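Student: Sequence:
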Amino acid sequence: MQFHKKDNINVVHINAGPAIYLVSTPIGNLDDLTYRAHNVLKSVDGILAENPRHSSRLLSHYGIVTPMRQYNDPNEKKITEKILDEVIEKDLVIALISDAGTPLISDPGYTLVRQAGLRHVPILPVPGACAIIAALSISGLPTNRFVFEGFLPSNEGARKSRLDDLLKEERTVVFYEAPHRILALLDSIIDVLGSYRSVVVARELTKLYESIYRGTIGNAKKYLASHPEFVRGEFVVALEGAKKSTSDAELEDVLRVLLASVDLKIAIELCCKLTGSKRNLVYKLAIGLREKN
Numbered sequence: 034m035q036f037h038k039k040d041n042i043n044v045v046h047i048n049a050g051p052a053i054y055l056v057s058t059p060i061g062n063l064d065d066l067t068y069r070a071h072n073v074l075k076s077v078d079g080i081l082a083e084n085p086r087h088s089s090r091l092l093s094h095y096g097i098v099t100p101m102r103q104y105n106d107p108n109e110k111k112i113t114e115k116i117l118d119e120v121i122e123k124d125l126v127i128a129l130i131s132d133a134g135t136p137l138i139s140d141p142g143y144t145l146v147r148q149a150g151l152r153h154v155p156i157l158p159v160p161g162a163c164a165i166i167a168a169l170s171i172s173g174l175p176t177n178r179f180v181f182e183g184f185l186p187s188n189e190g191a192r193k194s195r196l197d198d199l200l201k202e203e204r205t206v207v208f209y210e211a212p213h214r215i216l217a218l219l220d221s222i223i224d225v226l227g228s229y230r231s232v233v234v235a236r237e238l239t240k241l242y243e244s245i246y247r248g249t250i251g252n253a254k255k256y257l258a259s260h261p262e263f264v265r266g267e268f269v270v271a272l273e274g275a276k277k278s279t280s281d282a283e284l285e286d287v288l289r290v291l292l293a294s295v296d297l298k299i300a301i302e303l304c305c306k307l308t309g310s311k312r313n314l315v316y317k318l319a320i321g322l323r324e325k326n
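Heads up, the sequence shown is in our numbering, so the first residue is 34 and it goes up one at a time.
Derived from the structure by calculation, the hints contain no laboratory data.
Some hints here could point you the wrong way.
[To be verified] Okay, derived cross-link-like pairs now, SDA-like style, lysine to any residue, Cα gap no bigger than 20 Å in a straight line: (1) Lys325 x Leu307; (2) Lys193 x Leu157; (3) Lys298 x Leu318; (4) Lys255 x Gly266; (5) Lys298 x Ile223; (6) Lys298 x Asp281; (7) Lys201 x Pro212; (8) Lys201 x Gly266.
[What the hints assert, rightly or not] Distance windows between CB atoms, simulated: (9) Pro261 x Lys38: 49 to 57 Å; (10) Arg86 x Gln148: 22 to 30 Å; (11) Lys277 x Ser170: 23 to 31 Å; (12) Gln148 x Ala258: 43 to 51 Å; (13) Lys240 x Leu297: 43 to 51 Å; (14) Leu151 x Ile320: 52 to 60 Å; (15) Gln35 x His94: 23 to 31 Å; (16) Asp296 x Asp220: 37 to 45 Å; (17) Lys277 x His94: 44 to 52 Å.
All of these numbers come straight from a predicted model, not from anything done at the bench.
By construction, the Cβ of each residue, glycine as well, lies at the ideal position given by its N, Cα and C atoms.
Working from the sequences, and respecting the hints, build out all of it.
Tutor: So this is what it looks like as structure tokens:
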């Protein structure tokens, strides 16, 4: 489908020349489309959509008949230059949308934005819904500093390796996850980061079956495992960051208490989970304490 220049494009774009709008769309509830986003999508020359069949429901809901063209991960590298050539040659103003939320946030568009910038095509944001921010806002976890990890690898080893890099991360950590992998993600977090940190597991945000679980990682895993009806839809997981680094002297104090009640292996495991410390350091200190005694 070819895009064609409209006469009323100045409704949204004051400056002359081509431009690309990155338009945030609802993550569930169609009423969350902003007034400005509606005007942009209605007025631009064309829309690049991750899945036009999916987005047609949103456009139909608002009576928007702007032509759409598919733009997603499989084809973005192949067609980006052709799209930019058309935008520049025809002096077009177009919009990029993903299936839900803000474009480029775990969604296609990076190649387009990167190349458009290199070719001096203005890129204009139209802010709106974003699952990360929605989940953080209701999490009750610190929001002044956070890190977004997106989808972790599906391979268990690679997933745990990424989590290991986050062992000392003190900021709130946010993940996206699919329903068929949510239990595996929580298992990996428990194995690497421990089961005692606070977590918020948000499912189907803004949709009919929106559900939000607050508790510890361990309890969240138990709850989801015993409620299979909850393990459906898209998930956002907001995880409490690590406590400030514990000194060697403080670790030894913790280990002394633990070693008085449990064996070496369990003491090391509990110390790692309670303090967020590296296992090799805790092991070294524990061996040293045992040799002194």
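Student: Against which earlier hints does the structure fall short, listed by number upward?
Tutor: Failing hints, ascending: 1, 2, 7, 8 and 16.
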